[in-house]
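Chemist: Below, each chain spelled out in residue letters.
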Amino acid sequence: MAVTLRGRLATSQFGAMEANSSRELEARNYLEKHRIMELLTYLASALLFFRPEKPREYLISILERLRTAKVSGVAFPFFMDNSNIAAMFQMLDSSNKGSISFIQYKEALKTLGLCTADEVLKDDGHGITCEKFMCEVNKKTQEICGKTKGKDSESYRSAAELLLLH
Amino acid sequence: MDATTAPHRIPPEMPQYGEANHVFELMQNMLEQLLIQQPEDPIPFMIEHLQRDNDYVPKIVILGPPASGKTTIAMWLRKHLNSNLLSVESLMAKEYSSLAADARTRYQKFQTLPDMLLVRLVQERLREEDCVRRGWILDGIPETREQALLIQTLGVSPRHVIVLSAPDTVLIERNLGKRIDPQTGEIYHTTFDWPPESEIQNRLIAPAGISEGETARRLLEYHRNIVRILPSYPKIVKVITADQPCVDVFYQALTYVQTIHRSNAPFTPRVLLCGPVGSGKSLQAALLAEKYGLVNVCCGQLLKEAMADKSKYGEMIRPFFEKETAGPSYIIMKVLRQLLDQQDCAERGWVLHGFPRDRDQACLMDSMGYKPNRVFFLNVPFDSIIERLTLRRTDPVTGERSHLMYKPPPTMEIQARLLQSPKDSEEQIRLRTELFYRNSAELQEFYGQAITLNGDQDPYTVFEYIESGIINPLPKKVP
Chain A
0 MAVTLRGRLA TSQFGAMEAN SSRELEARNY LEKHRIMELL TYLASALLFF
50 RPEKPREYLI SILERLRTAK VSGVAFPFFM DNSNIAAMFQ MLDSSNKGSI
100 SFIQYKEALK TLGLCTADEV LKDDGHGITC EKFMCEVNKK TQEICGKTKG
150 KDSESYRSAA ELLLLH
Chain B
0 MDATTAPHRI PPEMPQYGEA NHVFELMQNM LEQLLIQQPE DPIPFMIEHL
50 QRDNDYVPKI VILGPPASGK TTIAMWLRKH LNSNLLSVES LMAKEYSSLA
100 ADARTRYQKF QTLPDMLLVR LVQERLREED CVRRGWILDG IPETREQALL
150 IQTLGVSPRH VIVLSAPDTV LIERNLGKRI DPQTGEIYHT TFDWPPESEI
200 QNRLIAPAGI SEGETARRLL EYHRNIVRIL PSYPKIVKVI TADQPCVDVF
250 YQALTYVQTI HRSNAPFTPR VLLCGPVGSG KSLQAALLAE KYGLVNVCCG
300 QLLKEAMADK SKYGEMIRPF FEKETAGPSY IIMKVLRQLL DQQDCAERGW
350 VLHGFPRDRD QACLMDSMGY KPNRVFFLNV PFDSIIERLT LRRTDPVTGE
400 RSHLMYKPPP TMEIQARLLQ SPKDSEEQIR LRTELFYRNS AELQEFYGQA
450 ITLNGDQDPY TVFEYIESGI INPLPKKVP
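In order, the protein sequences belong to chains A and B.
Note that numbering that gives the first Met the number 0 gives residue 0 to position 1 of the first sequence, counting from 1, and the numbers run on in steps of one.
Note that numbering that gives the first Met the number 0 gives residue 82 to position 83 of the second sequence, counting from 1, and the numbers run on in steps of one.
A couple of the hints might just be wrong.
[What the hints assert, rightly or not] Straight-line distance between alpha carbons at most 25 Å, and here's what the computed SDA-like set of lysine to any residue pairs gives:
1. 53/A - 49/B
2. 53/A - 419/B
3. 109/A - 30/B
4. 303/B - 474/B
5. 53/A - 259/B
6. 109/A - 8/B
7. 139/A - 448/B
8. 303/B - 419/B
9. 69/A - 229/B
10. 96/A - 128/A
11. 53/A - 47/B
12. 370/B - 128/A
13. 32/A - 47/B
14. 53/A - 237/B
15. 109/A - 133/B
16. 370/B - 448/B
17. 69/A - 36/B
18. 109/A - 23/B
19. 53/A - 323/B
20. 53/A - 133/B
21. 78/B - 474/B
22. 32/A - 244/B
23. 69/A - 30/B
24. 237/B - 204/B
25. 69/A - 8/B
26. 422/B - 381/B
27. 422/B - 323/B
[What the hints assert, rightly or not] Each pair of labels, with its calculated beta carbon distance range:
28. 400/B - 27/A: 54 to 64 Å
29. 98/A - 51/B: 24 to 34 Å
30. 448/B - 110/A: 50 to 60 Å
31. 128/A - 10/B: 49 to 59 Å
32. 183/B - 142/A: 53 to 63 Å
33. 400/B - 110/A: 27 to 37 Å
34. 10/B - 142/A: 25 to 35 Å
35. 448/B - 49/A: 43 to 53 Å
36. 64/A - 51/B: 53 to 63 Å
37. 473/B - 29/A: 13 to 23 Å
By construction, these hints were calculated from the structure, which means they are not laboratory data.
Where is the CB? At the ideal position from N, CA and C, for every residue including glycine.
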């Protein structure tokens, strides 16, 4: 549902603008650079899932946490925790062979709102195992929330460890 | 089967929450502002935007020919909505602004302002705190298409555009009586709007440029420009005729400005139709189900099906049905739940009629989580009900139903053998209608935002009213 929400938002926005292609291009680049659409999908999903009494205050609190996470590099709120990711992998791997195909993996990332339709992901020929799936999902969620310190920072490693521990 | 691509079972609480809190419009407004301003750091910008909470402040443009009453209407709206008014004169008169000083000198020299300067003045004024918080009303700006486009490029877009219109002769005549109070700036008229206090009367002066020739010239220019401005605001324009008393124009403008436009938000209709017997609920429900693919949930029908199926609930209902009394609410609710909980009902939406009939049943349904998002009450006067129902006939041989007035039987032979159902006798109808009206006041109170319609018209007219009730957003309650 969040995916259709995002699709409708995108088409309604670009339909309303005047046919001025350089500004449109500018706008699209802005969206991509800051990964706004993924962020909005994440916010909308959080709202609909937790259904707080006061939606604006709730959104403000999530954004504040993201802002401090960006600045201080501390672990930030994940929408899906480890058990959800493991459960999702099990749903995909219905025959229990321990790995999923590349196409399934790409579709799953699209459903989670973690990659755009035309992003090219590398296919290394082997199936994607559960650990690799979890690792990639967490990495992409971090990218979206704007983490800039990279893999070598201490906080990334500590946060990642927290998540990989069941 | 891959579980991630199968149709997802979305719990109905999610779309209900989304609709009730206008989540879609919230996100859309935020995205609009992000795209227009394109801040370097989106997250603090979004936090500030959410805290400001100014999605629904007035953003109005009022356009119209000279002497149509634009400024009067603009001033009244400003007072009523507690907003800010911007016009060419007020922008130029601003203090502490180099742009405004520049504008004043140019106006004195050339009698007009260059478009870019005017638009930048508007932008500067709109950035101020009070315009951001309480909205704005533009009086007579944009004057030309170029100004309209420039304003749009800077990211300023109104939510409502009001265009006043009147025949030219009326306007020329009206303009001759225009008088201005130099102290307050209010506009009066010698015939239509004469101030009662004599001290105001003594101060009034006639403004420059109200002679017939001058007005005609300005009208020509206005007509040339307005035709090219209107296409910039395709869905938000409302034309109000200015050839009526001021108060009427004001009330029309006010009602328009307080409507919310339809948005692209996803919406599954969950419609409840209420009304006395014979008001047309089943017919309207069938029409709605056919046109929009909703699931037609007719309570009476469901119960009869349950009894025919000899299901567990059907057996419980049967004794009540045979005695012709209403069954207990909780059993009816259980039968309804079986249908409403199914996947296609939640996905496509439903239209319910025949239940609830009183406040307790409505509370029960509400507590189980089945909240309709549109409720309609069909009002039909008692005589029409009698006419509609007592003339119903059934053919005992073929089973076809007909109506002596609206759908007469094809031949006299058939008409001779038609029978009337005992349920359609006048006393029975009277009893049932009285039962409905005893409970209807409480029901209407329970469903606060119900829409009442006149059911005493032909079915397709009533259907159109129901459709517009479903499609348009519910009017916001004015505090």
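Chemist: Taking the hints in turn, state whether each one holds.
Modeler: Do the hints match the structure? See the list:
At roughly 12 Å between alpha-carbon atoms, residue 53/A and residue 49/B fall within 25 Å of each other, so this suggested pair holds. Between residue 53/A and residue 419/B the alpha-carbon distance is near 57 Å, which puts this suggested pair outside the 25 Å criterion. At roughly 21 Å between alpha-carbon atoms, residue 109/A and residue 30/B fall within 25 Å of each other, so this suggested pair holds. Distance check on the hinted pair: residue 303/B and residue 474/B sit about 38 Å apart at the alpha-carbon level, beyond 25 Å; violated.
The hinted pair formed by residue 53/A and residue 259/B meets the criterion: a straight-line CA distance of about 21 Å does not exceed 25 Å. This hinted pair checks out: residue 109/A and residue 8/B have alpha carbons roughly 18 Å apart, not beyond 25 Å. Taking the CA atoms of residue 139/A and residue 448/B, the gap is about 44 Å. The hint is violated against a cut of 25 Å. Under the criterion of a C-alpha separation no larger than 25 Å, the hint pairing residue 303/B with residue 419/B is consistent with the structure, at around 20 Å.
Between residue 69/A and residue 229/B the alpha-carbon distance is near 46 Å, which puts this suggested pair outside the 25 Å criterion. With a C-alpha separation of about 9 Å, the suggested pair residue 96/A and residue 128/A falls inside the 25 Å cut-off, and the hint holds. For the given pair, residue 53/A sits about 16 Å from residue 47/B by alpha-carbon distance, which is consistent with the 25 Å threshold. Among the hinted pairs, residue 370/B with residue 128/A is inconsistent with the structure: their alpha-carbon atoms are about 44 Å apart, more than 25 Å.
For the suggested pair residue 32/A and residue 47/B, the alpha carbons sit about 21 Å apart, so the restraint of at most 25 Å is met. For a cut-off of 25 Å, the pair hint linking residue 53/A to residue 237/B is broken: about 34 Å separates their Cα positions. Taken as a hint, the residue 109/A and residue 133/B pair is broken in the structure, with Cα atoms around 40 Å apart against an allowance of 25 Å. Restraint check for residue 370/B and residue 448/B: satisfied, since their Cα atoms lie roughly 12 Å apart, inside the 25 Å limit.
Of the supplied pair hints, the one linking residue 69/A and residue 36/B holds, its CA atoms being roughly 22 Å apart against a limit of 25 Å. Proximity of residue 109/A to residue 23/B is assessed by CA-CA distance (about 20 Å); at most 25 Å being required, the pair is judged to hold. A threshold of 25 Å between alpha carbons decides the hint, and for residue 53/A with residue 323/B the separation of about 48 Å lies outside it, so the pair is violated. Taking the CA atoms of residue 53/A and residue 133/B, the gap is near 22 Å; set against the 25 Å cutoff, the hint holds.
The suggested pairing of residue 78/B with residue 474/B holds, with an alpha-carbon distance near 22 Å, which does not exceed 25 Å. Distance restraint check for residue 32/A and residue 244/B: the Cα-Cα separation of roughly 55 Å exceeds the 25 Å cut-off, and the hinted pair is therefore not satisfied. The straight-line distance between the Cα atoms of residue 69/A and residue 30/B is roughly 21 Å, inside the 25 Å bound, and the hint therefore holds. In summary, the hint linking residue 237/B to residue 204/B is not supported, as the alpha carbons are separated by about 33 Å, beyond the 25 Å threshold.
In summary, the hint linking residue 69/A to residue 8/B is not supported, as the alpha carbons are separated by about 35 Å, beyond the 25 Å threshold. Between the alpha carbons of residue 422/B and residue 381/B the distance comes to roughly 16 Å, so the proposed pair stays at or under 25 Å and holds. Using a Cα cut-off of 25 Å, the hinted pair residue 422/B and residue 323/B holds, with the two alpha carbons roughly 10 Å apart. In this structure the supplied range 54 to 64 Å holds for residue 400/B paired with residue 27/A, their Cβ-Cβ distance being about 60 Å.
Hint check: residue 98/A to residue 51/B, Cβ distance near 49 Å, so the stated range 24 to 34 Å is violated. Distance hint check for residue 448/B and residue 110/A: the Cβ-Cβ separation is about 35 Å, which falls outside the suggested range of 50 to 60 Å. Restraint check, residue 128/A to residue 10/B: a C-beta distance of roughly 31 Å breaks the suggested window 49 to 59 Å. Take residue 183/B and residue 142/A: their Cβ atoms lie about 60 Å apart, and the range 53 to 63 Å holds.
At roughly 50 Å, the beta-carbon separation of residue 400/B and residue 110/A lies outside the given 27 to 37 Å, and the hint is violated. A hinted range of 25 to 35 Å holds for the C-beta pair residue 10/B and residue 142/A, which are about 30 Å apart. Distance hint check: the CB atoms of residue 448/B and residue 49/A are about 26 Å apart, inconsistent with the given range 43 to 53 Å. Take residue 64/A and residue 51/B: their Cβ atoms lie about 20 Å apart, and the range 53 to 63 Å is violated.
Checked against the hint of 13 to 23 Å, the pair residue 473/B and residue 29/A fails, with Cβ atoms roughly 35 Å apart.
In summary, the numbered hints that this structure violates are 2, 4, 7, 9, 12, 14, 15, 19, 22, 24, 25, 29, 30, 31, 33, 35, 36 and 37.
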